[in-house]
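**Q** Chains as they are written, first to last, in the working numbering: chain A, 1 to 234; chain W, 1 to 289.
Honestly, the hints are just simulated from the structure, not real lab data.
Since this is a predicted model, take the numbers as computed values, not measurements.
Don't be surprised by glycine CBs; every beta carbon is placed ideally from N, CA and C.
Any given hint could be a false lead.
Derived lysine-lysine pairs resembling DSS-like cross-links, with alpha carbons at most 30 Å apart [what the hints assert, rightly or not]:
hint, chain 1, residue 1, chain 2, residue 2
1, W, K266, A, K86
2, W, K84, A, K105
3, A, K112, W, K164
Listed next, the stretches of chain A that the computed footprint assigns to chain W, with coverage defined by at least 3 CB atoms under 8 Å from CB atoms of chain W [unchecked claim]:
hint, stretch
4, 52-64
5, 77-91
6, 218-225
Heads up, incomplete: computed chain W residues facing chain A, CB under 10 Å, no partners named [to be verified]:
hint, residue
7, D92
8, P94
9, S96
10, I99
11, S141
12, A170
13, A173
14, A175
15, E176
16, D177
17, L183
18, M184
19, G185
20, N187
21, S188
22, D189
Listed below, chain by chain, are the residues.
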Amino acid sequence: MLRVNGISVSYAGTPALTDVSFEVHEGEIVSIVGSNGAGKSTILKTISGLLRAGKGSIEFDGEPIDRLKPFVIVERGLAHVPEGRKLFSKLNVLENLLLGAYTNKSPERREKVMAEVFETFPVLKERQSQRAGTLSGGEQQMLAVGRALMLEPKLLMLDEPSLGIMPLLVDRLFEVIDRINKSGTTILLVEQNVHQALELADRAYVLQTGRIVLEGAGKELLESDMVRSAFLGL
Amino acid sequence: MPDLAILSQVILSGIFIGFIYALVSVGLTVIYGVMDIVNFAHGEFLMLSMYVVFWLYALFRIDPIFGLPVSVLVLFVVGVLTHKLIVRPVLDAPMSAQIFVTCGLLVYLQGVAQFLWSPSYRLIQEPLLSGRLQVAGLNVSLAQGVAAIGALLTTAFVYWFIEKTETGRALQAVAEDRQAASLMGINSDRMFALAWGIGAACVGVAGALLANYYYIFPTVGTVFALIAFVAVALGGFGSVPGALVAGIIIGLVEVLSGFFIAPAYKEVTVFALYLVVVLVRPQGLLGEW
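Chain W on its own, in the form it takes in the complex (with noise of 0.2 Å):
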């Protein structure tokens, strides 16, 4: 019987990195939803946004919290030019070119995050978030806590405008059916440059929730993407709701094989879930197709 206090103290950690990947993954999703294109350099997003947050504590003493927004901004413009830069072009070249396209981007951040900014490990040293508070007998590191929370305001957020807001519902249109969504009167372009905004924007602030506490370097993306990937199809493709839950079951697992198994292990239960949704509901949980 394993100790009782512990346990909840890693189901809590697992709690708290899940909602971190359900806001990467949302990212993805929100992109894929709207123009069936899997951006491969989701991890790279975050990675920039990660760096963002550093130089400017680095270079201006500006605090991860107050550097968020700016993140949140950068990201969001990179995203839009993603689109209209690389992405739009090769909107009706064959399947195979828009997934390169994204792959080379990967590649080619990764290189230049190298280049500019060395393959070294960066931390913040002393962020305003430090410390832990003890919560109903928890001991809660004050950061980690910070980032759950905000990743889980963010998701709510996205889904909220998604869903309740008129250009949330244009989105929507123009994810269905493009030309419908046309002859309504909608820019589907614009649609399409405002979806990679609010995907890269996801990870503007999740990279700057993490950044208080996670090491920064130039492929620190990977690590988050390849679970987002899979939080994504376990959730179903396109489902803001399926990337929350399947962020969450993530978390779960990766802590939950950790304590039970082996740590070196965690990885390996997240992919044999993954492989057992595939192949019994490829939809995902809560997809629609």
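Only chain A is shown next, with the shape it has when bound in the complex (with noise of 0.2 Å):
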């Protein structure tokens, strides 16, 4: 569905990416971990449109998409849940999720997804008409991926969902993550929370400092001594 196919990308000449190829397929949960600055939103947001790639390039169902404009990108299928949540802040949950669902033009199709979101998070339902910067962290991160979901995206990209929130509230949402995928949205996900990302994922990539080190299934990694090393303190 997605195959990046060795970019590289660099902020202002110092580089952030090196010739980084990966791949997800349809259904997958793949997860990329590595620590701060390893350049792990970076990828997401060339896969978007809002980073160029310098060399590789990148295609979404078998067409290239790395010259696209993002609000192109997203037309496609693709959501992107940016790292920091990016939510309108001053707009209301319900403008938030509308906003969500603007490519998305049929009125009743629009009604099943904010049905179906709502379901997934009651409280967005409840706090409907209150202003997105009011939230707490774990509610704006909810709405962040359930403004996403009104897309009705093929592929969904999050950045560090678990970045801010309880870790009660994050065991929650990882298992929220799960729930997307069975019903059949394929995703990529970033994280630093290596453990939780590991063992959530079907395959999973390592990257330092720009680079892919290692690559298997999520279990598998979660075994290997240089994860368990460099990230787990074991």
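Join the two chains, each given in its own frame, into one complex according to the hints.
**A** Pasting the structure below:
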């Protein structure tokens, strides 16, 4: 479904990603783990068109998307929940969700997806007329995910969804991600929370200073010496 | 004790002109709110609108009332083109370039107007909206009354459009975070063009309404633009209700200080008020940040 071929990205001459290649197949959960500054967010931003790769190519559903503008890529069914959530803080919960469905013009479909989102995150329904900026961290993350789901994406990319929310909620959030996947959405997850991200993933990649250094099944990587010593402190 | 009848007459005229100020300011504040760019040529857009209506009248005998939709359309296009041809190329340029580009447009448009249409003052001699009415003991100029109501309705419409429609929501999203908006599938460049179109169309309405009773000359815009800058700062940058409230306040302050002190001082009080607000509440009356 998504194929990233040898992309290199740099910020004003400083390389952030070097020759990164990976794939996401339909129906999978793929995790990319790595420490702060390894280039995880850069990967997602490049896929969604916010950044341009200096080298390499990106294919989605068999078509190249690396020259397209972000708002065109979104229409192909690729949703990106960005780092820091990037909610529209002055707008309320309902308005944020409706913006998520901006490219999805059919009112019936919108209503249906909205009902599903409210079912997944009941708190969003309770707070639908509250301004996004006044929600708690966990609620904001739910809104960010809910907003992305409004697009009915084929591929949902999540950038550090566990960042800044209570450990208890992190578990719930990962359960929700699993459920979203089981209902048919392919997921690309980028996480610093290595343990949970690997446990959830069908396949995973380890990113270090802009290069992929390891790949394999999620559970397999959890057992690997490299991951155990570098990330889990074992 | 001033004569109450005269005082209420004065207050009414303050509110009337206040609505016009509000509409001109709404145009400015929409562009600023979405793009963080101040359109220094806003007054010249107003001037263009007045000339559109004037020439339709002078050449084809089309009354300003019917010239209004033409003016709105022309100004919308002028706004969109300004974005595409002048503003977009400097979006990533330093702040000073963004300021100078619309300042340059101001000088250019004034120059073109002087060159093509001469510096003479023009007046639409016999508009359909002429004469005066007696309403509840007040003597109301029909042209000014209609202009005030038209300005208020247009302001309300712009507010409704931004707050209640899908496209308005997209405008707000782009205003807050254009990257996040692009991840929703919103083409921010189109929203920028739309904001310029709406902003300019606001003075397209205001200019056509004013042309019924106001002198038309190449620098007419500066009078209104200066007031609009004050109103936008007073009401809060980017806030449509703020622009409305500020427009009315300025209209009232102007006429009341003219009445109680002296007409020559009316601008002094308006700008004094502005300074006080900037010092005491720099985000403006209804500003959010």
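**Q** Determine for every hint whether it applies to the structure shown.
**A** Results of checking the hints against the structure:
1. A C-alpha spacing of about 46 Å is found between K266/W and K86/A, which places the hinted pair above 30 Å, so the restraint is violated.
2. A C-alpha spacing of about 27 Å is found between K84/W and K105/A, which places the hinted pair at or below 30 Å, so the restraint holds.
3. Between the alpha carbons of K112/A and K164/W the distance comes to roughly 21 Å, so the proposed pair stays at or under 30 Å and holds.
4. Coverage of the stretch 52-64 of chain A by chain W is violated. Counting CB-CB distances below 8 Å, 0 residues qualify, and the rule asks for three or more.
5. As drawn, the stretch 77-91 of chain A meets chain W at 9 residues by the rule of a beta-carbon pair under 8 Å; at three or more, the given contact holds.
6. Residues of the stretch 218-225 of chain A lying with their CB closer than 8 Å to a CB of chain W number 0, which falls below the three-residue condition for coverage.
7. Because the closest C-beta pair between D92/W and chain A is about 14 Å apart, greater than 10 Å, the hint is violated.
8. Of the supplied interface hints, the one on P94/W is violated, with its beta-carbon coming no nearer than about 16 Å to a beta-carbon of chain A, more than 10 Å.
9. With a cut of 10 Å, the hint placing S96/W at the interface with chain A is violated, because the nearest CB-to-CB distance is about 22 Å.
10. Proximity of I99/W to chain A is violated relative to the hint, the smallest CB-CB distance being about 25 Å (cut-off 10 Å).
11. The interface hint given for S141/W is violated, since its Cβ lies 40 Å from the closest Cβ of chain A, which is over the 10 Å cut-off.
12. Given the 10 Å rule on beta carbons, the hint for A170/W holds: about 6 Å separates it from the nearest Cβ of chain A.
13. Interface hint status for A173/W: upheld, as the beta-carbon distance to the closest one in chain A is roughly 5 Å, under 10 Å.
14. Evaluation of the A175/W hint against chain A yields a held restraint, the C-beta minimum of about 9 Å falling below 10 Å.
15. Taken as an interface hint, E176/W checks out: its beta carbon lies about 5 Å from the nearest beta carbon of chain A, inside 10 Å.
16. With a cut of 10 Å, the hint placing D177/W at the interface with chain A holds, because the nearest CB-to-CB distance is about 6 Å.
17. Checking L183/W against chain A: minimum C-beta separation of about 5 Å stays under 10 Å; hint holds.
18. For M184/W, the suggested interface contact is upheld, since its CB lies about 5 Å from the closest CB of chain A, less than 10 Å.
19. With a cut of 10 Å, the hint placing G185/W at the interface with chain A holds, because the nearest CB-to-CB distance is about 4 Å.
20. Below 10 Å, beta-carbon pairs count as interface contacts, and N187/W has one with chain A at about 5 Å; its hint therefore holds.
21. Hint status for S188/W relative to chain A: holds, with the closest Cβ pair at about 8 Å, below 10 Å.
22. Because the beta carbon of D189/W sits about 9 Å from the nearest beta carbon in chain A, less than 10 Å, this interface hint is met.
When each numbered hint is compared with the structure, violations occur for hints 1, 4, 6, 7, 8, 9, 10, 11.
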